Every structure is written in C-alpha cells, then in structure tokens.
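Chains as they are written, first to last, in full-length UniProt numbering: chain A, 1 to 154; chain B, 1 to 154; chain C, 1 to 154; chain D, 1 to 154.
Among these hints, one or two may not hold up.
Because identical chains share one entry, a pair is satisfied inside a single copy or across any pair of copies.
[Stated by the list, open to error] Simulated pairs of lysine to aspartate or glutamate, DMTMM-like, Cα-Cα distance not exceeding 20 Å:
#1 K133 to E4
#2 K8 to E43
#3 K132 to D16
#4 K38 to D112
#5 K12 to D40
#6 K136 to E108
Derived from the structure by calculation, the hints contain no laboratory data.
As the structure is a prediction and not an experimental result, all values here were calculated from the model.
Listed below, chain by chain, are the residues.
4 protein chains.
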Amino acid sequence: MDLESVKKFVEKDGGDYEFTVDSMPARFIEPIVMQGLKIDRIERGRVVCSLTVPPRLLNTGNTLHGGATAALVDIAGSAVIYTMGAPTTGVSVEINVSYLSGAYVGEEIEIDSKALRVGKSVAVVSVDFTSKKTGKLIAQGRHTKYLPVATSKM
Amino acid sequence: MDLESVKKFVEKDGGDYEFTVDSMPARFIEPIVMQGLKIDRIERGRVVCSLTVPPRLLNTGNTLHGGATAALVDIAGSAVIYTMGAPTTGVSVEINVSYLSGAYVGEEIEIDSKALRVGKSVAVVSVDFTSKKTGKLIAQGRHTKYLPVATSKM
Amino acid sequence: MDLESVKKFVEKDGGDYEFTVDSMPARFIEPIVMQGLKIDRIERGRVVCSLTVPPRLLNTGNTLHGGATAALVDIAGSAVIYTMGAPTTGVSVEINVSYLSGAYVGEEIEIDSKALRVGKSVAVVSVDFTSKKTGKLIAQGRHTKYLPVATSKM
Amino acid sequence: MDLESVKKFVEKDGGDYEFTVDSMPARFIEPIVMQGLKIDRIERGRVVCSLTVPPRLLNTGNTLHGGATAALVDIAGSAVIYTMGAPTTGVSVEINVSYLSGAYVGEEIEIDSKALRVGKSVAVVSVDFTSKKTGKLIAQGRHTKYLPVATSKM
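Here chain A stands alone, though its shape is the one from the complex (with noise of 0.2 Å):
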C-alpha cells in the first residue's frame, strides 16, 4: 500500500459516519462493546458470559476485531474483580491477548473470566474466548489491575 492510502485508512474523518460518531455520549464504547453480553454464570471469582458476534464489531477480514476482543478483556477483567466485594476494580495496569482463530459473524462465544489472584493491591484475572459450536479457543488473554488503597496513588 502506498502512504497516501494508508493516510485513507487511518484518517477517517468526513466519512458517512462522521457526524453520528462525533455527536457521540460520553462513555459510549461501553455499550457498543458490550450491548449482548449474557451471563450464563457467576460467582466470587468467576464469571462466564455469552456473546453472539455482532455485525458492528467486525474487522476488515469480517471476524471478531482483535480490540474489541481486547476490549472485551478489560471489561470482564473488571466484572470479575467486582465479584470479589472489591469497592472499585482499580486501574488497569497490563492486558495482553493472544488471538487463535477468527470468530464469524452470528457466531456465539463463551466469555469465561477466572480471578487467578486477587491481593490487597494487585489482581490478575485471566480471559478465555471458545466458541460454543466447536469449542475451539479464539483468544485468551490477562487483565492485570492495581486496587489502590483509598487514600494512596499509583
């Protein structure tokens, strides 16, 4: 791709879509990551959810997009340090993920969230991504947070 196109791709700016986007609420990604979300279980420490893959959080290849998967890492990673009877869920200190195969439109993942340590300052949580038809793994990833004490800053 030449630089004039990859200047395309990145600057979306006077699209279609601009003024809806721009004229957007505060905090609307929550809900455009999340709108679907089902909990099929939860517990102190676990939380495993639903998610049939919605057209608006599809990549260019019309899978799953590796930041909404991303996103969806941090967001259950949070859920999960909730359970916990933590008063906050902190601030996010690490997230990785890795991606192992595509999820496809209409396709409905499992979402299983584990608490692998909740300390008095450090949590870590761990995500698993499966599908339910064939049970594959899409993505695993681990969300690291800092649970600050009330009165100290990171």
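Place chains B, C and D on chain A using the hints.
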C-alpha cells in the same frame, strides 16, 4: 459489589441506547475508535498520529478507555505494516498494552507506531501513547502479526 | 540505592564464581534451569511436570527467580510443541508471564503446559505454575512460536 | 518427536552435569545470567549495558536463549528501579518479551533499559536488546513491578 449489581454492570440490554447500538452497520467499531485520528508523520515503518480524547472513548473513571487504547494499538500496528508495502496486514497473533497514566477528555495525545521487525512471516510493531502537553507516557503497547504467504494457512 | 551500588549489583565480574561461570560449556543454561524436572503426565498437546524449587534458582528475596520461571515457560512451551509431532519447535515470537505468588526453596510445584493452538505456522502454549501443597497459582505464562516451513525464513 | 523423546528432552537427570548442577549454591542463577554484563551508561531511570553472548547462554539453535533474554529483562528492570532511589525493587507482576532476531555467540549486544513509569506503587521498565554491530533489534521486553509500601502486602 454484590453479584446482582455485577450482572447489571455487564448486561447492557434494555438501556437507552439498545436500539441505536443494535442497528449499527458492520465494522462500525473502527470509525468509533478511529474518528478524529490525524496523521502527523508517515514514512516506511513509522506512523505518528494525533488524537484529541473524545467523550465517547472514556471509561467510567473519565479517562481514555483501556479497551480503546488496545484497539488503537491494533489499528496503528496494521497501519505501520501497510507502510512497508505488504499487500496485507496479516492476522493478529498477540497484543499487549501497559497503562502508565490516564488521558483525559480534550487532551491531545500522540500515538507513535514503529515497526520493530517486518519479516517474511512475522511483524512486530510498538506503539507509544504520549500526552502532547506534558510529554508523559500514557501507554505502551506491542502488536505482533502473522503475514501469511498467499497459499498458506496460519 | 546510589548509582555506584547499582553498578555493583549489575557487574558480577571479579566475584567468587567468575572462573566457574566463564568456563561453563555451551548451552549450560538449559540443565541449570531444567535439572530436577520430572514429567508427571505427557500426551499430545499437554505436558505436566514437577519441580522441587532448588536453591540455585532463587532470587535475592529467596523465592523462585522470575527469570527462571520465564525460562521454564520457554522450555515447557517447546516440549508441548514437540508432543504434537512437529519436527521442530520453531522460534520464539513472544513470551509473557504474570507472577502471582512466591515459591520457596524445597516447595514442590506443578508446571502444567497446554497447547492453545498448534497451526501450520503459529503455535501458542499456556503454562500454569501451581504449588502442589497449597494449590495456589504461582505464575501463568504464554509462549508463542513461529513454526517455519522447511524452506522459508521468519 | 515421539513422547519418549520429549520426556528425555525434559528430564535432564542422570546427565554428565547432574552433580555439578545439584551442588550449585543458592541464587546461582543470577551470576550465570549476568556474568560479563558491563555498564556503559547509568543515570536516574536508565541503565545501558553491554554483553558479549557467552556459550553458556545459547539455546539448541545456537542463539541467545529466550529464557536468558527474559531473565535479563527481569534483572535490568530491577536495576533501573534501583536508580530511582527506591529502597527496594519490589516484586515482579509481569514480564513480556518479543523476540525479533537471533544473537550469536561472541556477538556484542546492547541492553538499554528505561523507566516508563516509577510511581508510588507500580513501576514499568522497557528493555531493548540491540546488536552493536548491525544495529538490529534482537528483542524488546517490558517488566512491571509492584513496589510495596513498608507495611502493606501485595
């Protein structure tokens, strides 16, 4: 937080925006994350962008959402690979992000993406997010992609 | 710590063991890390080992050295890929490790390594370190490798 | 490789070096990895070292062992935190490494470690490994540590 509250945090259905979100077109996640990105500098193996943090990409703590940051690492990594003349950006293998400080609404940030390696089959890009005003690092990520040869499968 | 002390911490030359270390044979790092590993279970895509934490692998805090843990993730990942019948374990693309709790000298730990994906070109293995006595997770890592086709370069 | 061969690859006991390795003193892993490191430059928040790749740190492919690289990321990260005047380097939370090209025996490499953030409780250091001769990146890692306050537990 009790489990019923966590459930409400995760399941967004029935909210004010349910219809709006459910009717979004395919691949809408990209303009939502990318709208407003401007290229400051582009060359072979390097893309430097600016973004003024928009309200829609905030988290509940009112700083740039960690999932949005990760999605930007995903997208910036692909843009850099395009600048190397690769006909495709391949498929994501791994993304990681360290979160270093918060970025607030209206803050202008620089997103500096560099190819660490673009080989025949594996490419790795690093992405630095910096506050233009303070020069402080906001986040650092890496994006690893597999560049499939025409006839092969990952 | 003042900079002169940091310099002394980093530069080990002139210590008691300088001659011993400098005369070590090629590839000695592997037996140093692996000596004492026992296989508890091995099958296609899975290798479970035991290790009693030896004094030589401790850090200055007297728990299993984070570098040794990372080296074990490296080695365990390769072993799992061998079980899949691959003629080579390929080259490492990425290793990550989350450290969850300390392992002490004489403690018996289980190292459970599972293939998350072994494709034609990319393999990903997860590795869990658990205390046999307490069942507590000590660390969790992932190892991504590229499996080159006979005639290609990464 | 058949499973019996994988078992032999993993279980090093009974080898020529068994006695030597088993009688190594406590914390010997550090001089084994660090012997030969020279500091080229040291300042608050930055440590640049040189290392000539020694035979003992090679892998079976005769390049610098990925486990040794990860151990160096661990150690370099701690050294940088020491330069900030922290009384302790804390405990490791996460280490990650991307492997970009091989380093051969006798090759002189530069290990450049920079503090990305040293806060009250969380520190993050990036580490670049570069070939001095070719200028090529060999690896890039990040090391996240938790710096416990005197009276608190992670």
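Tested hints:
1. Taking CA atoms no more than 20 Å apart as the test, K133 paired with E4 passes in neither setting, with 42 Å inside one copy and 28 Å between copies.
2. In the homo-oligomer, the alpha carbons of K8 and E43 lie at most 20 Å apart only across protomers (14 Å), although the nearest pairing inside one protomer, at 46 Å, exceeds that limit.
3. Taking the shortest alpha-carbon separations for K132 and D16, neither the intra-copy value of 35 Å nor the inter-copy value of 29 Å comes in at or below 20 Å.
4. In the homo-oligomer, the alpha carbons of K38 and D112 lie at most 20 Å apart inside one protomer (12 Å), although the nearest pairing across protomers, at 31 Å, exceeds that limit.
5. Proximity of K12 to D40 under the C-alpha cut-off of 20 Å is restricted to the inter-copy arrangement: shortest distance 14 Å between copies versus 37 Å within a copy.
6. When the C-alpha separation of K136 and E108 is checked against a cutoff of 20 Å, the pair qualifies only within one copy, where the shortest distance is 12 Å, while the shortest distance between copies is 32 Å.
Hint compliance for this structure: hints 1 and 3 are not met, and every other hint is.
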